[in-house]
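A.B. asks: In case you want the letters, here they are:
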Amino acid sequence: MKVKVISRSADEFTRERSQDLQRVFRNFDPNLRSQEKAVEYVRALNAAKLDKIFARPFIGAMDGHIDAVSCMAKNPNHLKGIFSGSMDGDIRLWDLATRRTVRQFSGHQGAVRGLTASTDGHVLVSCGTDCTVRLWRVPVATIMESNDSSDMSADPLAVYVWKNAFWAVDHQWDGNLFATAGAQVDIWDHNRSQPVNSFEWGKDTVVSVRFNPGEPNLLATSASDRSITIYDLRMSSPARKLITRTKTNSISWNPMEPMNFTAANEDCNCYSYDARKLNEAKCVHQDHVSAVMDIDFSPTGREFVTGSYDRTVRIFQYNGGHSREIYHTKRMQRVFCVKFSCDASYVISGSDDTNLRLWKAKASEQLGVLLPRERKKHEYLEAVKNRYKHLPEVKRIVRHRHLPKPIYKAASLRRIMAGAEKRKEDRRRAHSAPGSRPKEAFRKKRILQEVE
Amino acid sequence: MGSKEENGALGKNLTSIQQDIDDEEMDTKVKKYLRGERANLEILQDKKLKGQLAVREELYGKSAKAAAKIEKWLMPSEGGYLEAEGIEKTWRIKQESIAQEVDILSSRNQYDIVLPDFGPYCLDFTSSGRYMAIAGRKGHLGILDMKNMALIKEFQVRETVRDVVFLHNELFFAAAQKKYPYIYNRDGTELHCLKEHGAVLKLQFLKNHFLLATINKFGQLRYQDVTTGEMVGNFRTGHGRSDVMQVNPFNGVVAVGHSRGTVSMWKPTTAAPLVKMLCHQGPVTALAFHSNGHIMATAGMERKIKLWDLRKFEVLQTLPGHAKTLDFSQKGLLAGGTGSFIQIWGDLSGSQSYGRYMSHSIAKGYQIGQVVFRPYEDVLGIGHSKGWSSILIPGSGEPNFDTWVANPFETSKQRREKEVRSLLDKLPPETIMLDPTKIGAVRPTRKKEKPTKQEREAEMEVAVAAAKDVPMKKKTKGRNKPGKRAKKKQEAVENAKRPFFGQVVKEELSKKKRKRISEENELPKSLQRFTRKKATA
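As you go down the protein sequences, you meet chains E and V in turn.
Here the working numbering is used: the first residue of the first sequence is 1, the next is one more, and so on.
Here the working numbering is used: the first residue of the second sequence is 1, the next is one more, and so on.
With the rest of the complex left out, here is chain E (with noise of 0.2 Å):
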């Protein structure tokens, strides 16, 4: 007879001192936990009501401009320093982490219109309706913590006046040269009064420039007159055009796959385009009720950020077709400028109301340092949820978003008709020949030629 029986000594299983951690033994057999898919459900469950409650996405407000926000520009080589340009000539930089000014530069005569600065984060370009161009130092990052001694503002580099109005300006990626758009697109040097060069295609002005972060020269541009130009620095002209039945307030490259761009519509909706392929746009992202004014990418290019008219700020996936996120606040008034942070956690707004606003990119997620356990719930607990996502319950926690009641309003009712065009074009088609009325798609449907 051989036998053995469970024996356990009390020893091998406790700790020896009260100093020592308890023993943990694990045994994965699914036979030891019952309804292994009930209980990852209710833990869904509670991950998305705690999700809501944590949800508190505003960090505050930066106070201190004294006209609208117009532009912004992150400062790559600095994380915490953000710039902003107000319509009433003033620019500022801002200490992110205590919400302060840390320096002012003076010296435009009207709005700024564009703020860009070099990717080493040394000179800061700024551009308006003055017909300037001014280039600044940006104080360097130690300078920025002690910012105690009084002298608050600098003067510029370079003040660089040209013939017409500046709209927007960009900086090259890793080179020396920036764009600015105006009556056209101007190509300029750090060191040169005038520019470098200069394209123009049709006469309208041009609203917005950006550089390809791949390809340093080529560079995206949308005008007035309802046009996306794309246009490469080695050669003399531009090398695409694509016309839209409404105008693009501004454009942002998809950081991680750079032949992408997404461009932020007048019509509501932004539009991802794969720049080697114009005819149709790749994404519409929709959920916007009013113009969109501004886009950025995060920098992972997961994902992006708009700001709109209709006073919200909203995040979307790369190629999400609505929006994951929206942001709003009783005092937040229309949106001109958005950006993401440097490091993809945070969104910074500058709105009408004169003030800069800090988001969190993720609206529930826990600041500060984690300890190890306490990120490894967090992704367990993101883990479950995404693993029950489609059931009925998880998904309305999950989706539900309280809005402002215009915004609410003005939804219903852009559904409302839509639902009545598409109805009325499918009559339509109902009672033509077979064949005569081909269904569009609404990718393609928003966009009126390609030119080369």
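For the record, the hints were derived by calculation from the structure and aren't laboratory data.
None of the values given here were measured: they were computed from a predicted structure.
Among the hints, erroneous ones may be present.
As the list claims (entries may be wrong) - Derived pair list, reagent style SDA-like, types lysine to any residue, alpha-carbon separation capped at 20 Å:
#, chain 1, residue 1, chain 2, residue 2
1, V, LYS147, E, TYR318
2, E, LYS37, V, VAL442
3, V, LYS50, V, GLY61
As the list claims (entries may be wrong) - Quick list of simulated restraints, FRET-style, between CB atoms:
#, chain 1, residue 1, chain 2, residue 2, range
4, E, ARG234, V, MET26, 56 to 64 Å
5, V, LYS312, E, ASP274, 29 to 37 Å
6, E, ALA430, V, LEU49, 28 to 36 Å
Said to hold, decoys possible - Some but not every residue of chain E turned toward chain V, in silico, with C-beta under 10 Å:
#, residue
7, ARG23
8, LEU32
9, ASN46
10, PRO372
C-beta: ideal position from N, C-alpha, C; glycine also.
Here the structure of chain E is known, so what remains is to put chain V in place on it, guided by the hints.
C.D. replies: Frame of chain E, contents of chain V only:
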């Protein structure tokens, strides 16, 4: 030189065979952790979804493999076993001879407590197997710490006690007394008197749902949420008095055995039983569930013990013998007790056929009331008319516990933590269902119920063509006339068409009828007599 080479080759062969065996072992282990088969991604049209699911499947595979590896290398203890040598039979091995072989610590688990005055006793263990609650019929209640063999508390309630059950941890237990069930804490303080339940015969606690399920003298099944006190369900089983009730640990469904030989299964959200199955010719005397939830054992008065496959509701095996009480161990051994005799069956070959494993007789004249396996130990607790006993059943318990599921060495701090955790994960009563893996799954598409008109017509045409094609026999005596032949053919065609016509007529009739009924319902009663007139007009 040659022999050396040969040796090398042989060694290589042996290692490769060893590896094969290991691989097989790992495969079975991985299968256990995969929890079902892979999804068939080939049929998916959506490429994006397909990609996402492929990644997910790969992750599942990886985690299952990791768990299998952990099981193979990192588990601290090995399970118990009892193997016969030579002509020995395992069921002839006595407890005394086992006691001589095992270590002192384990042999302490063999004992008899004789308390003849308060008898028959019923027992319950906490899920970790550390604590035991005892209840004597004559009102003796107590809690014991099985690790230290210490009595924590005992007291007399001076009335009949029919059953005892631990709630979520050892701090609280419920006892079914003469008129009502009561909830006590560990110090013996009465916390609640659950008057609504009435004179309860059998108690069960659903750990994941925090539900106390009771069945009383009148066959009423009640579920009460012990965290909020809410009465979640109150159903009349409608089959009379029964004290055979057991929770299926796999899905939380409560099964009740009735005196007519049926077993009904209940969930707290519907008033009708989920399943009613006729298990025995006579009354059902005992009921037990395997921990994987797929096997149910029932014992009837007609001297049969049946093992049921709960996925198909079919008998797997019928064993002869009476059983007043049945219980499955964590590793799947089945214990049955009747009179003063206990029999243990085991699935020794691993092919779902239970054979005799062990047997044990307690002192003559003692009547066994209940047998309960102690979780995570190779121990069987026996409550009988003169006290309670404990015997060793090697290979019955799960050797490795999980600290976060049930910890026999739990400290009070861990217990508090776990209480909070389990309350956060408390399941709503709706999650009790026959197949709990359905949660989060997609309902399969419904089959098309009725063929459309065109389909029916096509089918009819096929049938007519087949009828026409049947070759005619050559008949004699004037029955082979062309006229007769044509008539016969016509008849065959008519016959082939008939079933299809029948369908159409029936359908139309039912439609008309439905319409009439709905019209009748719309009208007030006084006007309904005019409906027919209106229909004709």
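A.B. asks: Decide, hint by hint, whether the structure agrees.
C.D. replies: Hints and how they fare:
1. V:LYS147 - E:TYR318: violated (59 Å)
2. E:LYS37 - V:VAL442: Holds, at about 14 Å.
3. V:LYS50 - V:GLY61: holds (16 Å)
4. E:ARG234 - V:MET26: 56 to 64 Å: Once the Cβ atoms are compared, 59 Å apart, the range 56 to 64 Å for MET26 (chain V) and ARG234 (chain E) holds.
5. V:LYS312 - E:ASP274: 29 to 37 Å: violated (55 Å)
6. E:ALA430 - V:LEU49: 28 to 36 Å: holds (32 Å)
7. ARG23: This interface hint holds because 8 Å falls under the 10 Å limit.
8. LEU32: Where the cut-off is 10 Å and the nearest Cβ of chain V is about 5 Å from LEU32 (chain E), the hint holds.
9. ASN46: holds (6 Å)
10. PRO372: Hint on PRO372 (chain E): violated, closest Cβ of chain V at ~17 Å, above 10 Å.
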